[in-house]
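Construct the entire structure; sequences and hints are all you get.
2 protein chains.
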Amino acid sequence: MNVQECARLLAERDRFLIVTHRRPDGDTIGSAVALCCALRGMGKEAFVYPNPQVTDSYMPFIAPYFAHEDYEASCVVAVDVADSNMYANGFSGKVDFAIDHHPANTGYAQHTLVMSEKSACGEIVLLVLKEMGCPITPEIATVLYMSVSTDTGCFAYSNTTAETHAAAAELIAAGADFQHINKALFRTASAARLQLEAMIFTNLRRYQNGEVNIAIVTLDMMKKAGTTEDDCDDLAALPGKIAGNKISATVRELTENHCKISVRTGTEFDASAICRKFGGGGHVMAAGCEISAPPEKAAEMIAEAIREVWK
Amino acid sequence: MNVQECARLLAERDRFLIVTHRRPDGDTIGSAVALCCALRGMGKEAFVYPNPQVTDSYMPFIAPYFAHEDYEASCVVAVDVADSNMYANGFSGKVDFAIDHHPANTGYAQHTLVMSEKSACGEIVLLVLKEMGCPITPEIATVLYMSVSTDTGCFAYSNTTAETHAAAAELIAAGADFQHINKALFRTASAARLQLEAMIFTNLRRYQNGEVNIAIVTLDMMKKAGTTEDDCDDLAALPGKIAGNKISATVRELTENHCKISVRTGTEFDASAICRKFGGGGHVMAAGCEISAPPEKAAEMIAEAIREVWK
Numbered sequence: 000m001n002v003q004e005c006a007r008l009l010a011e012r013d014r015f016l017i018v019t020h021r022r023p024d025g026d027t028i029g030s031a032v033a034l035c036c037a038l039r040g041m042g043k044e045a046f047v048y049p050n051p052q053v054t055d056s057y058m059p060f061i062a063p064y065f066a067h068e069d070y071e072a073s074c075v076v077a078v079d080v081a082d083s084n085m086y087a088n089g090f091s092g093k094v095d096f097a098i099d100h101h102p103a104n105t106g107y108a109q110h111t112l113v114m115s116e117k118s119a120c121g122e123i124v125l126l127v128l129k130e131m132g133c134p135i136t137p138e139i140a141t142v143l144y145m146s147v148s149t150d151t152g153c154f155a156y157s158n159t160t161a162e163t164h165a166a167a168a169e170l171i172a173a174g175a176d177f178q179h180i181n182k183a184l185f186r187t188a189s190a191a192r193l194q195l196e197a198m199i200f201t202n203l204r205r206y207q208n209g210e211v212n213i214a215i216v217t218l219d220m221m222k223k224a225g226t227t228e229d230d231c232d233d234l235a236a237l238p239g240k241i242a243g244n245k246i247s248a249t250v251r252e253l254t255e256n257h258c259k260i261s262v263r264t265g266t267e268f269d270a271s272a273i274c275r276k277f278g279g280g281g282h283v284m285a286a287g288c289e290i291s292a293p294p295e296k297a298a299e300m301i302a303e304a305i306r307e308v309w310k
Numbered sequence: 000m001n002v003q004e005c006a007r008l009l010a011e012r013d014r015f016l017i018v019t020h021r022r023p024d025g026d027t028i029g030s031a032v033a034l035c036c037a038l039r040g041m042g043k044e045a046f047v048y049p050n051p052q053v054t055d056s057y058m059p060f061i062a063p064y065f066a067h068e069d070y071e072a073s074c075v076v077a078v079d080v081a082d083s084n085m086y087a088n089g090f091s092g093k094v095d096f097a098i099d100h101h102p103a104n105t106g107y108a109q110h111t112l113v114m115s116e117k118s119a120c121g122e123i124v125l126l127v128l129k130e131m132g133c134p135i136t137p138e139i140a141t142v143l144y145m146s147v148s149t150d151t152g153c154f155a156y157s158n159t160t161a162e163t164h165a166a167a168a169e170l171i172a173a174g175a176d177f178q179h180i181n182k183a184l185f186r187t188a189s190a191a192r193l194q195l196e197a198m199i200f201t202n203l204r205r206y207q208n209g210e211v212n213i214a215i216v217t218l219d220m221m222k223k224a225g226t227t228e229d230d231c232d233d234l235a236a237l238p239g240k241i242a243g244n245k246i247s248a249t250v251r252e253l254t255e256n257h258c259k260i261s262v263r264t265g266t267e268f269d270a271s272a273i274c275r276k277f278g279g280g281g282h283v284m285a286a287g288c289e290i291s292a293p294p295e296k297a298a299e300m301i302a303e304a305i306r307e308v309w310k
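These protein sequences, in sequence, are chains A and B. Just so we're aligned, residue 0 is where the first sequence starts under numbering that gives the first Met the number 0, counting upward by one. Just so we're aligned, residue 0 is where the second sequence starts under numbering that gives the first Met the number 0, counting upward by one.
Read the hints as simulated data drawn from the structure, not as lab findings. No false leads were slipped in.
Since the list gives no way to pick one copy over another, a pair counts as held whenever it fits inside one copy or between any two copies.
With a cut-off of at most 20 Å between alpha-carbon atoms, the simulated EDC-like pairs for lysine to aspartate or glutamate come out as follows:
| no. | residue 1 | residue 2 |
| --- | --- | --- |
| 1 | 182 | 233 |
| 2 | 93 | 11 |
| 3 | 240 | 55 |
| 4 | 310 | 267 |
| 5 | 245 | 55 |
| 6 | 182 | 210 |
Structure, rendered in structure tokens:
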């Protein structure tokens with residue numbers, strides 16, 4: 000299905016339920032809300048599935064569009080959902096449309112629009128809405144700006160493209176309240192998160208003249224900082240922020256004597272080779288594994304595994 | 000002077016020296032290097048004034064274009080320089096062209112092109128280069144991307160506009176190595192800076208249910224963290240990052256018993272009114288003052304002044 004077909008087929012349907020993915024992020028939420036608003040603007044009935052995993056910072060954007068319990072949809076649209084293990088199992092085999100940018104989309108929906116070259120699903124939704132002739136209102140522009148900005152780390156990640164910036168330019172010109180999104184999502188952190196980061200950098204382990212950095216996150220640190228799961232996004236990126244870093248690892252204590260390890264590298268080293276030593280794997284620059292040991296011991300084991308590949 | 004006139008007049012000249020401002024940032028450096036490269040591409044002689052305040056992270060971009068001591072320029076161009084107190088006093092009265100986006104540009108140059116609606120001077124340089132018919136090479140695109148991204152905090156600050164994103168889209172399409180710039184300038188911090196931030200958040204003082212946050216930065220902390228002046232950019236922004244913050248202050252010990260205070264507020268409170276109590280001032284949302292007291296005492300005095308305006 001291409002953008003034109005998707006727009007035409009959606010225009011023929013009504014009573015939409017739009018589904019977001021597990022642990023929903025700004026892209027799936029922004030895409031869902033934008034599509035919901037636009038369909039309503041066309042005189043259709045549309046609601047968003049009340050995903051119970053939406054975190055506090057996103058709730059104000061999506062909650063007003065949550066479907067009531069007794070809403071009976073006749074067309075289910077999944078946005079930014081790569082496979083059918085989306086939040087509610089009840090949707091298996093019942094998804095009419097999937098709009099997505101994940102190359103690994105499994106084709107679980109009846110009609111699938113995948114554009115894997117797009118940084119964010121919101122960029123594809125923008126194309127579909129324009130093809131349907133929907134006006135891009137300031138409200139729609141704001142949530143689509145949320146999509147493209149969150150999936151690219153506010154345009155700082157390497158998945159950003161010229162088209163991402165062109166979409167942002169178009170959305171800001173259409174009245175997106177990008178200042179609110181930027182302040183709320185990129186320039187603010189919870190006090191607990193900032194306390195946890197402070198503890199992490201205070202206890203950082205540095206090796207090889209500072210080119211290897213290992214962060215340890217214990218259950219005790221999380222308790223002292225008062226963090227919830229919401230505060231623990233992307234902890235794996237922290238030690239790699241240090242200037243000169245070449246290999247970083249984050250050791251996170253999941254339960255007593257059991258840790259999850261995330262390894263990040265530049266182009267010089269293979270993160271997955273390091274993690275394979277412990278039965279894990281992943282990509283060349285980002286991989287993971289689990290080690291059954293207390294965090295300090297797990298950190299030593301990872302440091303030793305890194306020492307073995309160091310050249 | 001408008002863009003067309005600026006392009007025409009520059010094309011008539013040769014033997015350029017391009018001047019950056021004091022404590023040069025990514026915008027003045029990116030603008031200078033881009034203009035220098037483009038003029039050389041037109042077959043002209045062009046160098047950049049070797050500003051001694053360029054910091055390590057920017058040196059690789061600008062150093063290859065530094066003028067030798069005995070270079071005799073016949074046309075001096077200042078970029079992103081608001082007034083004539085640019086670095087070297089020797090330029091007073093000798094600047095032929097100023098290209099700038101500061102509304103407060105004092106008109107110190109013979110010919111001035113000011114476009115104050117632009118987020119970055121680099122956006123104006125891009126317009127001038129295109130008007131001159133210069134090809135936007137990947138090298139030029141990279142340093143102009145540095146201009147627009149640094150002056151907008153990687154598109155997160157409120158001075159970002161649709162045109163900023165449109166310029167970024169154009170520069171990335173022209174081959175800007177934005178991934179290198181983003182990694183080097185936005186996703187990396189020195190170990191000393193991260194240690195200092197950790198200490199700041201560990202010792203944060205919070206009042207009014209966490210809506211007032213005061214950071215203290217002592218000379219002792221800076222010594223322990225091993226920071227240099229380069230590591231201390233924008234410390235005033237740190238306590239305001241906390242979710243729910245309404246008034247933040249950063250107390251920085253300059254010398255024993257003497258502190259500089261930066262106050263930041265949202266729209267509800269007047270930062271300059273708080274600072275005026277101590278003989279300082281500034282803008283409604285960003286103001287400063289100095290207090291002759293040890294940092295702990297100065298923080299208490301600021302907390303008390305905030306308590307007086309709290310409603």
